[in-house]
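Chains A and B supply the protein sequences, listed in that same order. Take the first sequence: its position 356, counting from 1, is numbered 356 in our numbering, and each next residue is one higher. Take the second sequence: its position 348, counting from 1, is numbered 348 in our numbering, and each next residue is one higher.
No lab work stands behind these hints: they were computed from the structure. There may be inaccurate statements among the hints.
Just a sample of chain A residues kept apart from chain B, beta carbon distances all over 12 Å, derived [to be verified]:
(1) R262
(2) E365
(3) R368
(4) G380
(5) R381
(6) L387
(7) A408
(8) A411
(9) R458
(10) P499
Now the in silico label distances, taken between C-beta atoms and shown as ranges [as the list claims (entries may be wrong)]:
(11) B:V344 / A:R125: 39 to 45 Å
(12) B:V32 / A:D433: 49 to 55 Å
(13) A:N30 / B:S328: 54 to 60 Å
(14) A:L308 / B:I216: 45 to 51 Å
(15) B:I138 / A:R420: 54 to 60 Å
(16) B:T50 / A:R420: 29 to 35 Å
(17) A:L308 / B:A341: 51 to 57 Å
(18) B:K95 / A:L434: 53 to 59 Å
(19) B:A341 / A:A236: 56 to 62 Å
Even for Gly, the Cβ is constructed at its ideal location relative to N, Cα and C.
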Amino acid sequence: MELPPRSHTDSFAGPPPARGIARVLLAADNVTVDYPGVRALDGVSLQFRAGEIHAVVGENGAGKSTLMKVISGSQWPTQGAVRLEGKPVLFGKPSDALKAGIAMVHQELNLVPTLSVAENVCLGREPAGLLGLRVDRAAQRARAKALLGLLGSELASDQGHGGGVSRIAGELSVAEQQFVEIAKCLASEARVLIFDEPTAVLGEREAQRLLALFRTLRDEGRSVVFISHHLDEVVAVADRVSVLRDGKLVQQFTRGLDEPLRDGAGVVVDEARIASAMVGRELGSIYPAKGAAVADAPVLELVGFGALGRSRGISLAIRPGEIVGIAGLVGSGRTETAEAIVGLRPCVGALRLRGQPAAFANPREALRAGVAYVSEDRKGRGLHVTLPSVANMTLPSLDKHARWGGLALHARGEREVTDRWIRDFAIRCARPDLPISSLSGGNQQKFALARWLEAAPRVLIIDEPTRGVDVGAKGEIYRIIAGLAREGLACIVISSELPELIGLTHRVVVMREGAVAGELGRDALALGDCEERIVRIASGLAEPSATQSGHSQQGAVG
Amino acid sequence: MKSGMKSESPLSAAQRFLERWGVLVAFGLLVVASTLLQGGDFLNPENFRTLLNSNAAIGVLAVGMTLVIVSAGIDLSVGSMVVLSAAIGTTAMNKLLGGGTSEMSAVLLGGAVTVAAGLAAGCVNGALVVYGRIAPFIATLGGLAAFRSMALAIADAGEIRSQSSTLFAKLGRGGIPLAWESGTVDGETVYTGLLNAAGKPLTLTYAIVIFFLVAIVAQWMLSRSRFGRHLVAVGANETAARYAGIAVGWVRFRAYAAMGLLAGLAGLMQSSRMNSVSTSGLGLSNELDAIAAVVIGGTSLRGGFGRVWGTVIGVVILGMITNILTISNVSPYWQGAVKGAVIVLAVLVQRGSRE
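Just chain A, with the same shape it has in the complex (with noise of 0.2 Å):
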């Protein structure tokens, strides 16, 4: 690997760095790429240089992620060429790509679950010790714990035996294994690095400093390729912005070295002028009104509730029509919490509905009581993946459709149902009969979604409702959850986006440590502070006696 060492400061003294001119690795040369029924890439031209990052955006479907198994050796292109480095490559596999320099984070996480993170970091790059036949260990867990350590990751702090990078994957949370999937890509020293949506299942501390690690990458030499829906993110970091539309290249803004992002005339380009791109029209304000405060008696209560090591003493209340947000940083609980109400872990504390108290043993009983939860986790626990559309859709309410005591399934209501949200929530499926698997991760999240709708709860539960969905998909899915409100459905949004939870939610509980650490009601959320009052309060820099006591607090947090 001969780079020529770059130098990238912030300040203005020495040479400006020919970011617009550098040398191009990687090349997508006229791509297109049809799957059965529908062209997902269509005549796409991409250049990848050295020394910069380039972010790909576009709605759900639009051919982001098809594009990055192009050039990851994952897919073959129906016509067109890769070129690396001007000549053309056609990679039989993913390992073929990587040996050429070129490794990618998926979006979905691919750890062995069974193996160590340490031997998941070096897997198949494993140190050698004693003449080859055995493994360096010790090699091993340095070198996991210097890339992690990059990362910002408690994963390289070694809390005794069994913490850190001897813990083992299949335990970790979802972030902690993308940290542990991104460790892995840096391990392989590879040229050319693509995350598809890296930061997607982190929280904000964790995704600053990944993003901080993007640019000592590019100040390195090396590409970095990223898939965003954060275009806050794109705006913040990106060299180079590519606009993916229907499966085609629709525009590209770039940057020259501490400018802003500007489009081909030069106009400075904002998150707004992105996302219009994207979907090809001007938005307005992705976040529906609010609706109005409800006075109603609470559906659900939770008194000194928590999940049993997890968290505890959580007191809440939530009324028909509310949306009630929880904020907090990644490992505070929250989804745990979550899991305990519906009876997924073991719970302390009470829980009440409709002033009656309740226990739920497990999902199927917390539905009966109009109680359901959708997972954070899209692909392990909110779908089954390798199952059909319609399988998939009326799993949780598949009684509905049972005949004769459940020996037969009303199979055209099934389909019909199916074929409603999927009209209904715009969800990109050609194929109904195929593997959910084969959606987009942003169609498939509405899919989560829509199948709990479907069960028509009173009370609905959503950790990240937005994970992964574009812009667009964003929007729906917000005007579904107000709209879902407004007909008297109680909300509870578990969520690591905070302008989300501002903009949706009637008011927003922070947890922290396990616990509650304040609260922000609906007249906090209307100041401008509120998502830094709430950064601050989940991570501990707040005085919760001043914040605890709710909404008409101001200027509590300075």
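With chain A fixed as given, assemble chain B onto it according to the hints.
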């Protein structure tokens, strides 16, 4: 779409086709091979009847095994459940006959006890797997040893002869005649319909009828019922199934219970056919044949996908292979090796995009 699936390499397209329809291709090839080897003899109905009849009990086991494997489980104890249920049921029948019960009620009650004993053994397996949280392989490996040993203990490792004079054997060997009298010529009765080599009516044995009924019901359950959908969901991703509100444990338990019930039924089919139960030989290594038929039929050993009709063809394929080898004078000792190769080949073809 004009360019179709061009982006996929031709090899993987062929592989996908084989994955889906390989069992039918193999069946077709075997029919052609058998016809070439045996000439017209192979294609006559009696030969098919014999093939199905001698594999019907294995077929019933394989159908049950399909359900268990779809749930991402396995049951190694089926052969031992067969012999245990047959031993218990036949003993009960003999006791009843000795006690002066009429032959009809004794045979019926004995049959019911056989099936119930299988169901009970299946429930034990299910309870161990679901509530004891023991891996299916281990739990049913225990059953493989324990159930057979219980059967051996019942008869001192010997044979249990049925005391029923005719009725029990009739159940095992009788059936529905497929031809009827159409008159007499020169004092000889003339039949219309399907005849055997001796010119007598061919019987569709009860065993075959039971096999097909079981297969049809199971195929329906798997693809059209709520239980089947839950089974597929649990097999495909148990965690996601739990999150979707499925009673995962109860679904899996029922798969093992159904397997036990069908093992009891197979036990009844076998013991009545032999009119006795050899506690050391009956059902021996039936689990291998049953699993082989399921795999050949295209059901994924990983769970979450399965088809009973494939298993039925898998059973027939296994039977045809045995037939061909016997006709070709291949030593029975070598037949196991050929079957083994076929199973491995089936798994190889199955592998691929589902990985």
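These are the hints, each one checked on the structure:
no., hint, verdict
1, R262, "holds, 35 Å"
2, E365, "violated, 8 Å"
3, R368, "violated, 8 Å"
4, G380, "violated, 6 Å"
5, R381, "violated, 5 Å"
6, L387, "violated, 6 Å"
7, A408, "violated, 6 Å"
8, A411, "violated, 7 Å"
9, R458, "holds, 15 Å"
10, P499, "holds, 27 Å"
11, B:V344 / A:R125: 39 to 45 Å, "violated, 32 Å"
12, B:V32 / A:D433: 49 to 55 Å, "violated, 32 Å"
13, A:N30 / B:S328: 54 to 60 Å, "holds, 57 Å"
14, A:L308 / B:I216: 45 to 51 Å, "holds, 47 Å"
15, B:I138 / A:R420: 54 to 60 Å, "violated, 45 Å"
16, B:T50 / A:R420: 29 to 35 Å, "violated, 53 Å"
17, A:L308 / B:A341: 51 to 57 Å, "holds, 52 Å"
18, B:K95 / A:L434: 53 to 59 Å, "holds, 57 Å"
19, B:A341 / A:A236: 56 to 62 Å, "holds, 60 Å"
Checked against the numbered hints above, the structure breaks hints 2, 3, 4, 5, 6, 7, 8, 11, 12, 15 and 16 and satisfies the rest.
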